[in-house]
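J.: Numbering (the working numbering), first residue to last: 172 to 274.
Keep in mind that a hint or two might mislead.
[As the list claims (entries may be wrong)] Below are the SDA-like pairs computed for lysine to any residue, each with C-alpha atoms no more than 20 Å apart in a straight line: (1) K240 / A218; (2) K206 / T226; (3) K240 / G250; (4) K240 / K206; (5) K240 / T226; (6) K206 / N217; (7) K240 / L216; (8) K240 / V265; (9) K240 / P273; (10) K206 / S225; (11) K240 / V223; (12) K240 / L259; (13) K240 / N217; (14) K206 / A221; (15) K240 / R270; (16) K240 / A229; (17) K240 / M201; (18) K206 / P220; (19) K240 / V219; (20) K240 / P209; (21) K206 / L227; (22) K240 / R207.
[To be verified] Quick list of simulated restraints, FRET-style, between CB atoms: (23) L256 / L227: 33 to 43 Å; (24) T191 / D238: 33 to 43 Å; (25) E176 / L244: 38 to 48 Å; (26) A229 / A187: 20 to 30 Å.
Keep in mind that the hints were calculated from the coordinates and are not lab data.
Heads up, the beta-carbon is just placed ideally off N, CA and C, and yes, glycines get one too.
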Amino acid sequence: MDNAEHIQLIYVILAAAVATFLTRIGGYVMITQMKRIPPRMEAALNAVPAAVLSTLVAPAFISGGWDVKATMLVALVVGLRFSSLWMLLAGWLVIMAIRHIPL
């Protein structure tokens, strides 16, 4: 990598950092300027955690093997019934059992 490419890379990183900062601070400023949050915006903000989780879990479920699919299904069932701690424990036990016990 020559000096020009190195400087260009630094500019790209700085531009990405500024864009990230502005979008985050912009959302904060917009919310603080409102007297109250409209119901549709509140519903959209409440949906963000599920959307983020879906983008993290879906690719692993689609591209993963049967062990990953079984673990996620067990974690889903346990997560619907019990707390997050039990869901994580059940998922961990299932993946460890599948990967380390010869079938």
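J.: State for each hint whether it applies.
T.: Verification of the supplied hints:
As the CA atoms of K240 and A218 are separated by approximately 24 Å, the hinted pair breaks the 20 Å bound. Pair hint K206 plus T226 does not hold up; C-alpha atoms about 32 Å apart against a cutoff of 20 Å. With a C-alpha separation of about 15 Å, the suggested pairing of K240 with G250 holds against the 20 Å cut-off. As the CA atoms of K240 and K206 are separated by approximately 45 Å, the hinted pair breaks the 20 Å bound.
As the CA atoms of K240 and T226 are separated by approximately 16 Å, the hinted pair is consistent with the 20 Å bound. Our distance criterion of 20 Å between C-alpha atoms is met by K206 and N217, whose separation comes to about 19 Å. Annotation: proposed proximity of K240 to L216 is violated, straight-line Cα distance about 29 Å (limit 20 Å). Between the alpha carbons of K240 and V265 the distance comes to roughly 11 Å, so the proposed pair stays at or under 20 Å and holds.
With a C-alpha separation of about 18 Å, the suggested pair K240 and P273 falls inside the 20 Å cut-off, and the hint holds. Simply put, K206 and S225 have alpha-carbon atoms about 32 Å apart, too far for the 20 Å limit, and the pair is violated. A distance of roughly 19 Å separates the Cα atoms of K240 and V223; the hinted pair therefore holds under the 20 Å criterion. Distance restraint check for K240 and L259: the Cα-Cα separation of roughly 15 Å lies within the 20 Å cut-off, and the hinted pair is therefore satisfied.
About 27 Å separates the Cα atoms of K240 and N217, which puts this hinted pair outside 20 Å; it is violated. Note on K206 and A221: the hinted pairing is violated, with a Cα-Cα distance of about 26 Å set against a maximum of 20 Å. Between K240 and R270 the alpha-carbon distance is near 13 Å, which keeps this suggested pair within the 20 Å criterion. This hinted pair checks out: K240 and A229 have alpha carbons roughly 10 Å apart, not beyond 20 Å.
Between K240 and M201 the alpha-carbon distance is near 40 Å, which puts this suggested pair outside the 20 Å criterion. For a cut-off of 20 Å, the pair hint linking K206 to P220 is broken: about 24 Å separates their Cα positions. Distance check on the hinted pair: K240 and V219 sit about 24 Å apart at the alpha-carbon level, beyond 20 Å; violated. Taking the CA atoms of K240 and P209, the gap is about 38 Å. The hint is violated against a cut of 20 Å.
Among the hinted pairs, K206 with L227 is inconsistent with the structure: their alpha-carbon atoms are about 34 Å apart, more than 20 Å. For a cut-off of 20 Å, the pair hint linking K240 to R207 is broken: about 42 Å separates their Cα positions. Judged by the Cβ atoms, the range 33 to 43 Å given for L256 and L227 is violated: they are separated by roughly 19 Å. The given range of 33 to 43 Å is respected by T191 and D238, whose C-beta atoms sit roughly 36 Å from each other.
Judged by the Cβ atoms, the range 38 to 48 Å given for E176 and L244 holds: they are separated by roughly 46 Å. Checked against the hint of 20 to 30 Å, the C-beta distance between A229 and A187 comes to roughly 25 Å, which is consistent with it.
Hints 1, 2, 4, 7, 10, 13, 14, 17, 18, 19, 20, 21, 22 and 23, counting from the list given before, are not met by this structure.
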